[in-house]
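Colleague: If you follow the hints, you should be able to join the two separate chains into one complex; please do so.
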Amino acid sequence: MSKTITIDGKTIPFEDGQTIMDAAMTADIYIPHLCHQPEFTPHGSCKLCTVNVNGRNCTACTFPAMDGQEVLSETQELIDDRKKITQMLFVEGNHFCMSCEKTGNCQLQAVAYHLNMLDNHFPLFYPDRKVDASHAEVMIDHNRCIFCTLCVRASQQTDGKNVFALSGRGIHKHLIVNAESGLLKDTDVDVNDQAVHVCPTGAILVKRTGYQVPIGERIYDHQQIDQVALASERPKHGK
Amino acid sequence: MANKIRVATTSLAGCFGCHMSFLDIDERMLQLVEVVEFDRSPLTDIEHCTNCDIGLIEGGVCNSENVHVLREFRNNCKILVAVGACAINGGLPAMRNHIPLEECLSEAYLDGVGVENPQIPNDIELPLLLDQVYPIHEVVKIDYFLPGCPPSADVFWKFLTDLIEGREPSLPYELVHYD
Chain S
22 MSKTITIDGK
32 TIPFEDGQTI
42 MDAAMTADIY
52 IPHLCHQPEF
62 TPHGSCKLCT
72 VNVNGRNCTA
82 CTFPAMDGQE
92 VLSETQELID
102 DRKKITQMLF
112 VEGNHFCMSC
122 EKTGNCQLQA
132 VAYHLNMLDN
142 HFPLFYPDRK
152 VDASHAEVMI
162 DHNRCIFCTL
172 CVRASQQTDG
182 KNVFALSGRG
192 IHKHLIVNAE
202 SGLLKDTDVD
212 VNDQAVHVCP
222 TGAILVKRTG
232 YQVPIGERIY
242 DHQQIDQVAL
252 ASERPKHGK
Chain D
9 MANKIRVATT
19 SLAGCFGCHM
29 SFLDIDERML
39 QLVEVVEFDR
49 SPLTDIEHCT
59 NCDIGLIEGG
69 VCNSENVHVL
79 REFRNNCKIL
89 VAVGACAING
99 GLPAMRNHIP
109 LEECLSEAYL
119 DGVGVENPQI
129 PNDIELPLLL
139 DQVYPIHEVV
149 KIDYFLPGCP
159 PSADVFWKFL
169 TDLIEGREPS
179 LPYELVHYD
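So the sequences go chain by chain: S and D.
Sequential numbering of the first sequence, starting at 22, is according to this note's numbering.
Sequential numbering of the second sequence, starting at 9, is according to this note's numbering.
Chain D extracted, bound-state conformation (with noise of 0.2 Å):
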């Protein structure tokens, strides 16, 4: 189907949960898939994406391999929103902003309760952390913005179906909540 508007989705440092608020409007998922195709996403499994108008960003910047992936959706992505509290500002993923890496990590792998064969992870594979959790738009130009922990399924569907109609997206007050 040629002419579909392409939208990508991605979770960095975040929970699904805004995800899953998406999936959350239902049966009108079948009226957006008449307009819209899936680019890279979690619910196509595509791993790279290319050429898309929408890319929807949940959660925070933690480590390197988000870094890459928000690049990658800026650069292909004509319009980049954030999704949710941990795009916005952190969320709760920025609570570990108050404490130093290192001690995040004896905690975790070290010294912390019932902790065995006590080692920090150095898998070449593994993303590396960075010192603190950041908000996206600190990292790359953000569009829009959707608050809420996560935002309601009907604030994807009032942002997106703005969008598609190209109208000028707007969210009523009923619509804006950071909780």
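Only chain S is shown next, with the shape it has when bound in the complex (with noise of 0.2 Å):
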């Protein structure tokens, strides 16, 4: 006999050591994520995999499975919680889309798309920060930063380097780099890196690329993220 969980009523199989972000997506169920991929180790900080576990909340990307647990996620108070976390992640940095090159292809606007966020709620936070441009080939927008630590993670786990942390706390909270001088040119940064790749916003951008594919030609234009974070991160939650 396998063991099951069941998610918003449907039993789906799971194997031990996997989450329930991983019981999940491997059952083909999509659960709201942006500072999650499978092939790094899960860090829980954005929220927004929030779902109920036998009556209490908890983060889908690091809560074990465990056989018999009744898993809510889809509910309407769950729904309008990550809206809500969605909104917060945008006033708290400066996200305009209109003018920034990652529109379309930005997994935290597809995020708040699929969520259907037509505002933002709370008071802007207007936050000053600024850009690194130090780099001939790579480029960091701090506007843009939701300190998913996505970046941090790829490059200690995939690259085999250490070139991005996050110091500070709460609201000074800020991505800093492995150089004494501060600038991401002084660090061992290679524009191949799967840590220049993996951010979920356009904070870190390779340079000379951002309108290769036209607006309304990009990944989130005409497909939700639940389509595409399916298609291609459920092959990775395999273990």
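If you are wondering where the hints come from, they were derived from the structure by calculation, not from laboratory data.
Don't take every hint at face value.
[What the hints assert, rightly or not] Derived pair list, reagent style DSS-like, types lysine-lysine, alpha-carbon separation capped at 27 Å:
1. D:Lys12 with S:Lys105
2. S:Lys68 with S:Lys194
3. S:Lys182 with S:Lys257
4. S:Lys206 with S:Lys182
5. S:Lys182 with S:Lys228
6. S:Lys206 with D:Lys166
Modeller: Pasting the structure below:
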């Protein structure tokens, strides 16, 4: 007998060692997420994948699946929570999609579209953040960073480097790079590093590539993030 | 014509791009004006709105006049709608929010390249600039939001026809864009 959990009443199997996110994605069930990618150690920071497990809320990307769990995901309350979380991510940074070259390929934007987020609800912070364009091929626009740490994990776990880290707490939290000067050009980052390509927003960009695909023909212009994520991430959730 | 739905529109700190996009409904405008009459709007040149059903606001709030206009719309429109990125999050004008107002004015009118006869405009007719650009939901209550830079003509059409025909307005995935 294989072990099973239920998600919104649907019974799905899982293997020991899988998280609820692993089990859900393997069973073709999308749970919204931004800081999670299956090839990296889960971080559980964006909180978008919050689900209700046997009556308590926890993040699906970090919580181990256990036999008999009853998981609720697409309840109105959790959908509303996810929308509020996404709105907070928007107002805490400077996310001006009309002037961002990542628009249409941006997962933050795509999650917001998926949740039918039409407004910001909260007052906007307009934080004062910098752009690091020092590197010849890669740039960091801190205005768009949501502190998912995917670049931190990709650099350590895939690239075998240690280019990125988070520093500071709360509203002062920010992305730093591993160089005394604090500039990307003085790190050992390379344009082919996975850390450069894993950013869900337009915070880390490869220079001179932004408009190679025209707006209107981009990833999320005609396809929702649930379909895209299931197609691209599900095969990696095997373990 | 009695019983027509009264619509007012304005552009605050916007570029009129949302109004241009609204006009892109093209010949559907003829269908619209059978059931809608425009009150205060750049399309009519009526200067103040009175007892409207729907108010469409383009642009954010950057000066004292924007505040007065926005409050006039809120006081006179049953349903107030934030139209476009600038109304919703400040948009491009909000780029100045990271620069102190004094520096903005100095760059534009005193120290900027090519400035002749440098002086900061100070006519009593000119509305005072606010310390920063605000999204309109931070100033008055907003009932609906139409994102986009600009929202496409189809967004205006879907939203207005939903409202006019008594449905709760909703935008399908393809019509929701922030860019």
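Colleague: Hints first: check each against the structure and report whether it holds.
Modeller: Hint check:
{"no.": "1", "hint": "D:Lys12 with S:Lys105", "in the structure": "violated, 37 Å"}
{"no.": "2", "hint": "S:Lys68 with S:Lys194", "in the structure": "holds, 17 Å"}
{"no.": "3", "hint": "S:Lys182 with S:Lys257", "in the structure": "holds, 22 Å"}
{"no.": "4", "hint": "S:Lys206 with S:Lys182", "in the structure": "holds, 15 Å"}
{"no.": "5", "hint": "S:Lys182 with S:Lys228", "in the structure": "holds, 21 Å"}
{"no.": "6", "hint": "S:Lys206 with D:Lys166", "in the structure": "violated, 48 Å"}
Violation of the numbered hints given earlier is confined to hints 1 and 6; the remaining hints are satisfied by the structure.
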